[in-house]
Amino acid sequence: MVDASLTLAASLAEVTRARAWALEQARAAGLGEDDVFALELALAEALTNVVRHAYGGQAPDRGGEDIVLGLRVDADELRITVTDWGHAAPPAQAPEIDLDEPRTGGYGLFLLEQLMDEVRVSPGDGEGTILQMHRRLGVDRP
Amino acid sequence: MTIDVTLVLEGTYPYVTGGVSTWVDGLVRGLPDLGFAVVHLRDEEAPRRAARALPANVCLVLDVDVDPERPGGTAGLHDVPDGAVVHALSSGTAAVPGAALARARGVPLVLTEHGLAWREALNGTGELESGRPPAGARRPAARAEARLAWARDLAAMARTGYAEATAITTVCSANARRQRRLGAPAARSAVTHNGVAARWLQGAPAAGPGAGEGPLFVLVGRVVPIKDTMGFLEAARLVLDAEPRARFAVVGPLDQDPDYAGGCLTRSADLGLEAAVRFTGEADPCPWVAAATAVVLSSVSEAQPLALLEAMASGVPVVAPRVGGCPELVHGAEGDAGLLTVPGDPMACARAMLRLAADDGLRARMGAAGRARAGRRHGPHVVPSAYRRVYERALADRGPA
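Chain order of the listed sequences is X and L.
First residue of the first sequence? That's 0 in numbering that gives the first Met the number 0, and the numbers climb one at a time after it.
First residue of the second sequence? That's 0 in numbering that gives the first Met the number 0, and the numbers climb one at a time after it.
Looking at chain X on its own, in the form it has when it is part of the complex (with noise of 0.2 Å):
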């Protein structure tokens, strides 16, 4: 159905220019508003997270190509992947949140989690970070 990547530098208007990209393969792909709305809600958190963490809101030195966003839709599956080669590579897994700090960061997996039904979180060849989020289509989410 859909399997594409784009290559984008690590600043906030390509992150906007990267989720039009894939709303766009994401309706053409006959994605439901449901998942379409997903979608859109998750790579704004990834994206804008790797741009202001990984990367700490200034893009480096790599000729534009800081983030790689692959995107796959099959009959019944959509499959982001967002690969980095920043610093701040995020923890393996959601934190436990600290109650005793209900006011500080740690929302973005979690919330991720929430939109998704898989999220893994790997460590790149060498350096950077491998995002994978998995959402299965068209089913219900009590």
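Derived from the structure by calculation, the hints contain no laboratory data.
A couple of the hints might just be wrong.
From the derived model, a few chain L residues whose C-beta atoms are all more than 12 Å from chain X [said to hold, decoys possible]:
{"#": "1", "residue": "Gly105"}
{"#": "2", "residue": "Leu121"}
{"#": "3", "residue": "Glu144"}
{"#": "4", "residue": "Leu147"}
{"#": "5", "residue": "Asp240"}
{"#": "6", "residue": "Tyr259"}
{"#": "7", "residue": "Val341"}
{"#": "8", "residue": "Asp344"}
{"#": "9", "residue": "Arg387"}
{"#": "10", "residue": "Leu394"}
Quick list of the computed label-pair ranges, beta carbon to beta carbon [to be verified]:
{"#": "11", "chain 1": "L", "residue 1": "Ala74", "chain 2": "X", "residue 2": "Val138", "range": "45 to 51 Å"}
{"#": "12", "chain 1": "L", "residue 1": "Ala363", "chain 2": "X", "residue 2": "Ser4", "range": "55 to 61 Å"}
{"#": "13", "chain 1": "X", "residue 1": "Val1", "chain 2": "L", "residue 2": "Gly202", "range": "54 to 60 Å"}
Because the structure is a prediction, the values reported are computed rather than measured.
We treat Cβ as the ideally placed atom computed from N, Cα and C, and that holds for glycine.
Given chain X's structure and the hints, the job is docking chain L onto it.
Okay, now just chain L, sitting in the frame of chain X:
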């Protein structure tokens, strides 16, 4: 009367009708020996008129403006008199002032979330249970960022409440699991089921439509986007194409989101439903439920809806979306009380209505199962007795003052 419980709530009792407001009414009336103060968090300029008569044990209703910058001299939290327990009913933000008040007065905090506001923000619900749209949600360009920021803020506010509360409650185990994932400690968490007023369980089960009449499908709920009234209309059109005698009623106020309600009336006319669908406005749902083939919800988000409990108590089968606490209500040891549908899918909703209309035996079995479950688990006393225990335990855990 001394104040035993200070309720901190938003966008609900005593100003609007709807599930949470009815729940509070049942709580305060079911505990007549306890004195209640109601702290209502206001986020708008216009003064409000109480939609409900207050019982004698509601000693005071205090409007507190959530925007301290706004001129007009409404009360602040420091104006709230002392009570023994603070009970915050959060549909978004009330956990934070509730926690602040409990801490300032050195009293225990009980936190109840019917729906989970951060979840509703992520679901794309255009309106939170409190009636407020998430900030910025209507600006399409900023939609995803605004949603995420709002969901993050709401999650942080809920966690502020979890950190302070001696008891954390919600109305279904689906929500309890999500609260725990967000950090609510299991030892302090409990599920407290909703209950229906006694009149729903008294008397004979509902008779349904009269002999020779077509099926009647009744949506009980405010005409607002979160209930997806528009989707119900689409489903009604599909049912009518297959069963021209079918009739429909939307029983609930039209004034909570006038633009949306106006859109629904227009859509109803465009779909050629004017003769088949009746919008009653605010009305007693009891006679409608009693005459119904099934009570139908098409909501995109629900906690443990009273509309379903009242239908079940009346022995009327339900058609409900697979969201929030609906599956736990429909399935149970007594048997299925109705059919579950996919939210946002009018075809699925229509199929469920037609299936019930066509099968007298199925309808009778589901009606009886629902009535048995409602009688056993959702009677009029479940909420007051559960919260009497919650309050007593919160005070005992805190020890003598």
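Hints violated by the structure (listed by number, smallest first): Checked against the structure, the hints that fail are numbers 2, 3, 4, 7 and 8, while the rest are satisfied.
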